[in-house]
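Engineer: Keeping their order, the protein sequence lines are chains L, C and R.
To get the working numbering, take the position in the first sequence, counting from 1, and add 37.
To get the working numbering, take the position in the second sequence, counting from 1, and add 240.
To get the working numbering, take the position in the third sequence, counting from 1, and add 1.
Mixed in with the good hints there might be a few duds.
Claimed, not checked - Straight-line Cα separation of at most 25 Å, DSS-like style, residue types lysine-lysine; simulated pairs:
hint	chain 1	residue 1	chain 2	residue 2
1	C	299	C	255
2	L	255	R	19
3	C	315	R	332
4	C	313	R	251
5	R	332	C	397
6	R	224	C	299
7	L	156	R	195
8	C	269	C	292
9	R	61	C	313
10	C	279	C	269
11	C	397	R	224
12	R	180	R	238
13	C	397	C	313
14	R	61	C	315
15	C	279	R	199
16	R	224	C	292
17	C	299	C	263
18	C	274	R	199
19	R	224	C	279
20	R	332	C	274
21	C	292	C	274
22	R	199	C	299
23	C	292	C	315
24	L	156	R	61
25	R	251	C	255
26	R	332	C	279
27	C	269	C	313
28	L	152	R	199
29	C	397	C	315
30	C	315	C	299
If you're looking for bench data, these hints aren't it; they were derived computationally from the structure.
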Amino acid sequence: MAAVTNFEQFVKRVLEIVFWVLILVPMVIIPIFFVVYVLPVEFSCHFSMLSCSQQINWSAALYLFSPAELNPFSPTSFISQMGLGANSMIFKSSFFPGISFAAILSSFVIWYERKLLAKMQYRVGPQYAGRVEGWLQSFADLFKLMFKEIVIPVNADAPFFMGVPFALMALSGALLAVIPISANIYITSSPYSLLIALAVLSIFPLVTVLAGWASANKFSFIGGIRALYQMISYEIPFILSVVGIVILSGGTFSLSQIVGAQGRVWFVIPMILGAIVFYITAMAELERIPFDLPEADSEIVAGWLTEYTSMTFGVINLATYIKLYGLSALFTILFLGGWNGPAPIPGALWFMIKTIIVITLFLIPRGAFGRIRIDQLIGFGWLWLIGLSFANIFIAVVLKATGIL
Amino acid sequence: MSTTPAQPILPDEEKSILDFFAKLGERTKVVFAKPNRIKINVTRENLVEVTKFVRDELKFDHCTNVTGTDFPKDKQLEITYHFGSIGGTGLRRIILAVACRVPSTDPLLPSIIDLYPSVNYHERETAEMIGCVFQGHPNLSRLLLPEDWTDIPPMLKAYRLPGRLEEG
Amino acid sequence: MSMGVGSAFSTEKISEDKMSISVGPQHPGAGHFRFTVTIDGDTIVDCVPDPGYVHRGAEKQTEYRSFLQSIPMLERSSLTDVTNIIMPFSMAAEELMGIQIPPRAQYLRMIMSENQRILSHLYWLGIQGIFLGHSTVFMWPLGDRELFIDLGQMIGGARITYSYAIPGGVRNDMPDDFKDRALKVFDYFEARLKDYEKIFFNNPLVLKRTQDVGVLPRAEAIKLGVVGQTLRASGVKSDTRIDEPYNFYKDLNFEVPTYESCDTWARCMVHLVEMRQSMDIMRQCLEKLPQGPVRVKLSPQQRAQAGEAYARVEASRGALSFHIISEGSTKPYRVKISVPSFRNLIALPRLLIGSHVADMPAIYWSLDYWPVEADR
Numbered sequence: 038m039a040a041v042t043n044f045e046q047f048v049k050r051v052l053e054i055v056f057w058v059l060i061l062v063p064m065v066i067i068p069i070f071f072v073v074y075v076l077p078v079e080f081s082c083h084f085s086m087l088s089c090s091q092q093i094n095w096s097a098a099l100y101l102f103s104p105a106e107l108n109p110f111s112p113t114s115f116i117s118q119m120g121l122g123a124n125s126m127i128f129k130s131s132f133f134p135g136i137s138f139a140a141i142l143s144s145f146v147i148w149y150e151r152k153l154l155a156k157m158q159y160r161v162g163p164q165y166a167g168r169v170e171g172w173l174q175s176f177a178d179l180f181k182l183m184f185k186e187i188v189i190p191v192n193a194d195a196p197f198f199m200g201v202p203f204a205l206m207a208l209s210g211a212l213l214a215v216i217p218i219s220a221n222i223y224i225t226s227s228p229y230s231l232l233i234a235l236a237v238l239s240i241f242p243l244v245t246v247l248a249g250w251a252s253a254n255k256f257s258f259i260g261g262i263r264a265l266y267q268m269i270s271y272e273i274p275f276i277l278s279v280v281g282i283v284i285l286s287g288g289t290f291s292l293s294q295i296v297g298a299q300g301r302v303w304f305v306i307p308m309i310l311g312a313i314v315f316y317i318t319a320m321a322e323l324e325r326i327p328f329d330l331p332e333a334d335s336e337i338v339a340g341w342l343t344e345y346t347s348m349t350f351g352v353i354n355l356a357t358y359i360k361l362y363g364l365s366a367l368f369t370i371l372f373l374g375g376w377n378g379p380a381p382i383p384g385a386l387w388f389m390i391k392t393i394i395v396i397t398l399f400l401i402p403r404g405a406f407g408r409i410r411i412d413q414l415i416g417f418g419w420l421w422l423i424g425l426s427f428a429n430i431f432i433a434v435v436l437k438a439t440g441i442l
Numbered sequence: 241m242s243t244t245p246a247q248p249i250l251p252d253e254e255k256s257i258l259d260f261f262a263k264l265g266e267r268t269k270v271v272f273a274k275p276n277r278i279k280i281n282v283t284r285e286n287l288v289e290v291t292k293f294v295r296d297e298l299k300f301d302h303c304t305n306v307t308g309t310d311f312p313k314d315k316q317l318e319i320t321y322h323f324g325s326i327g328g329t330g331l332r333r334i335i336l337a338v339a340c341r342v343p344s345t346d347p348l349l350p351s352i353i354d355l356y357p358s359v360n361y362h363e364r365e366t367a368e369m370i371g372c373v374f375q376g377h378p379n380l381s382r383l384l385l386p387e388d389w390t391d392i393p394p395m396l397k398a399y400r401l402p403g404r405l406e407e408g
Numbered sequence: 002m003s004m005g006v007g008s009a010f011s012t013e014k015i016s017e018d019k020m021s022i023s024v025g026p027q028h029p030g031a032g033h034f035r036f037t038v039t040i041d042g043d044t045i046v047d048c049v050p051d052p053g054y055v056h057r058g059a060e061k062q063t064e065y066r067s068f069l070q071s072i073p074m075l076e077r078s079s080l081t082d083v084t085n086i087i088m089p090f091s092m093a094a095e096e097l098m099g100i101q102i103p104p105r106a107q108y109l110r111m112i113m114s115e116n117q118r119i120l121s122h123l124y125w126l127g128i129q130g131i132f133l134g135h136s137t138v139f140m141w142p143l144g145d146r147e148l149f150i151d152l153g154q155m156i157g158g159a160r161i162t163y164s165y166a167i168p169g170g171v172r173n174d175m176p177d178d179f180k181d182r183a184l185k186v187f188d189y190f191e192a193r194l195k196d197y198e199k200i201f202f203n204n205p206l207v208l209k210r211t212q213d214v215g216v217l218p219r220a221e222a223i224k225l226g227v228v229g230q231t232l233r234a235s236g237v238k239s240d241t242r243i244d245e246p247y248n249f250y251k252d253l254n255f256e257v258p259t260y261e262s263c264d265t266w267a268r269c270m271v272h273l274v275e276m277r278q279s280m281d282i283m284r285q286c287l288e289k290l291p292q293g294p295v296r297v298k299l300s301p302q303q304r305a306q307a308g309e310a311y312a313r314v315e316a317s318r319g320a321l322s323f324h325i326i327s328e329g330s331t332k333p334y335r336v337k338i339s340v341p342s343f344r345n346l347i348a349l350p351r352l353l354i355g356s357h358v359a360d361m362p363a364i365y366w367s368l369d370y371w372p373v374e375a376d377r
């Protein structure tokens, strides 16, 4: 710290100290005081201190740290009553079924994809990270990425460049927020959850183009433009393929009620065309092979991802795989009956099993196909997929009007 | 290298090629004629004309190689074109070499790119390697050597590779 | 789109609506080679190749070495094709030295040459797959290649660069268990080729990406002087093994594939058929292999007579020829190498101009351009 040599610096130093005191006291000291001193008393008086005449009991402070009180799943524990229990928004959105669960699941999906591709390609895949078949490989990769340097190109638009990973993670999280895992486990429930999911998905191309532009690199720019063409021309069949489902479930946009309407038969059977269109357009939205033009690495290095290094790249990759999980979950809810399944297995576990099967279906074409060209892709999207989704809507209307479903 | 008389073991196609060049008279000089390989010498004034005959009459339709050699003892550069034939009957196995000698102090000769578009990059490489100039070539810029090459053309005998031991 | 104007690499001013990209040596789609394309929307309007990044002056270096000493240096110009690039050098040297090599040596040269052809084509197939985005077709050929590398190792002694076809014959004889092992490998590989057909050559997405893409008509192919698979895919049945048979190819039965469609798919199919034909040739050679010496013993500083020699073979990528001028000493006076990659380079701007940007890697690699070989 520089020495104080005149009055101006002295005033500055005093103001600094006052500033830090004003910050620290409400944020640290008062909560500690509250937790240690006031809360035990409140708790032991069952939160009605006004009627409590006991004296402050210091040993009550130790009561807080017993394991039973830290159990989020029990509704009467201290943690739950603080608003951090299993039913609270913070727990649901950050632990289960929210971001942490999705991130860990996506890390395992990355490992699973590498193993699956390896078996298709006469290789063995990850072998060493973690003793058994390299199951910790993606965590090892994330750990390694943390130590690399974050490089922002000189000509790049730094706020937008650095904002893209955050935006993608936020969007993927927003997608997860409206998808229920079982009848009781969801982050939010809304009568328009399907619409919210589709709306969130349609913001992704904007962020991708922003990444391509902000990187100040010709290859990134081409990749961003290609991503824009691809995602926008596949939005329309994507949304249209879902319209049939909405019709069949009685006009509701709520994902929970759509699953409820699949009690008798899963919608994949009458809506097979819609399922196929959804599958193809979802692969285009996820930029997976055969639709990975925006990241075609033999032509445009890595497309719009070119300039992203270390953790920015890690976060973008994780956000992409969380989106994969989100879209597979959406497919399960819309077409495969969500959490419906025979009794002894809980609904949430059925949901997870079905979602993982759908994820496998999304991963397999990577080993079997090459890349499709941009003009062939757009022709295919606008002509064939829209036609198929209209046929699908027609089938749904017929089935509903004749009362079969 | 002197002219050799036609060997008795030459097949018919080579003999007819030699007859054709005999008809051209003074413009060409046969250097050697072996089975499958014939080499003639032309001057730079006759180069384009003779090459036109080679393409149209003899049906040698593509150029396979261009070699530029430095002969400091004669103070000459020799540029040899090798031609092959796909369309001509029975000519597939024959490679015809047309050589042109230019003085080292005046290394200009006409380019045959209008007759054989395939010599484009070959002539560029020969020009930068031995320092000759093909007049009429649309773009005689550097091909293999780096843009900042300031030394003499490397295939000249006067250029010695730096760092190599010279033996006697 | 003014972002692309005047980048650090381009030296000319591009108009406001065109973008100039340097597909340079640091690009996963190019190898050690650079070409600059100018793009207008999704169409390529100009292409300027810029070889020379790996020019090592091989021709100059032959003037410092005797004929035998040049062999290891020359073969490293074309790593996937080592036997075929030194064979015309040895043939021309033998012509100048006035010697004839024994027949067993010629058969062994043929066996190694065809083995090399399969190796080169498998590597080509792997990279063609990855350029089309197909990672499985990248992994399978490079794995199957190991079998043929093992075969080459049994004869040559090294995995990649064996310096096998030296002036005077070949360096080593073939071991006794080579034939059984080779036949087993051929049986396995013929079954695998059917898998390759299913996943790559008959894959509808690959067909969409390669049919009618990069069409080079027959007359232009001959005029531009292209060689190898590019020429044969344009309908010209030209192969040095039948045009001017060397070694003992005239005693063997094999077909030279040609296709009329002249597009990228035809070039891919020519590679596939040639792999099958190579195995067939190797089988016939193993049947017909005569006994005898494999080498004429020459001194390492063998003197060549004065004169010129021009020898050519059918390398994996096309017709490769050596022009050697000798003044009667132990070192050659001038060696000029004419490689198929360099001769096919002129087709690259011709094919790329007017095509989509996304076709760039597919067309570029189907010409089988090997930058190190082209630069020598």
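Engineer: Straight-line Cα separation of residue 269 of chain C and residue 292 of chain C no greater than 25 Å?
Structural biologist: The given pair, whose Cα atoms are some 16 Å apart, holds under the 25 Å limit.
Engineer: Does the alpha-carbon distance linking residue 251 of chain R and residue 255 of chain C stay inside the 25 Å limit?
Structural biologist: Distance of about 23 Å is within 25 Å: holds.
Engineer: Between residue 152 of chain L and residue 199 of chain R, does the CA-CA distance stay at or below 25 Å?
Structural biologist: 22 Å, holds
Engineer: For the pair we were handed, residue 332 of chain R and residue 279 of chain C, check the Cα-Cα distance against 25 Å.
Structural biologist: Holds, at roughly 23 Å.
Engineer: Given the proposed pairing of residue 313 of chain C with residue 251 of chain R, does the C-alpha separation stay at or below 25 Å?
Structural biologist: Violated, because 43 Å separates the two Cα atoms, which is more than 25 Å.
Engineer: Does residue 299 of chain C sit within 25 Å of residue 224 of chain R, going by the straight-line distance between their CA atoms?
Structural biologist: 12 Å, holds
Engineer: Take the C-alpha atoms of residue 224 of chain R and residue 279 of chain C, compute the straight-line distance between them, and say whether it is at most 25 Å.
Structural biologist: 22 Å, holds
Engineer: Would the pair residue 397 of chain C and residue 313 of chain C pass a check requiring their Cα atoms to be no farther apart than 25 Å?
Structural biologist: Holds, because 10 Å separates the two Cα atoms, which is no more than 25 Å.
Engineer: Within 25 Å, alpha carbon to alpha carbon, are residue 292 of chain C and residue 274 of chain C?
Structural biologist: 23 Å, holds
Engineer: Mind checking the alpha carbons of residue 61 of chain R and residue 313 of chain C for me, to see if they're no more than 25 Å apart?
Structural biologist: Judged against 25 Å, a Cα distance of about 18 Å means the pair holds.
Engineer: Check whether the Cα positions of residue 180 of chain R and residue 238 of chain R lie no farther apart than 25 Å.
Structural biologist: 31 Å, violated
Engineer: Sort out whether residue 255 of chain C lies within 25 Å of residue 299 of chain C, counting only the CA atoms.
Structural biologist: Status holds; Cα separation ~15 Å.
Checked against the numbered hints given earlier, the structure breaks hints 4, 11, 12, 15, 18, 22, 23, 24, 30 and satisfies all the rest.
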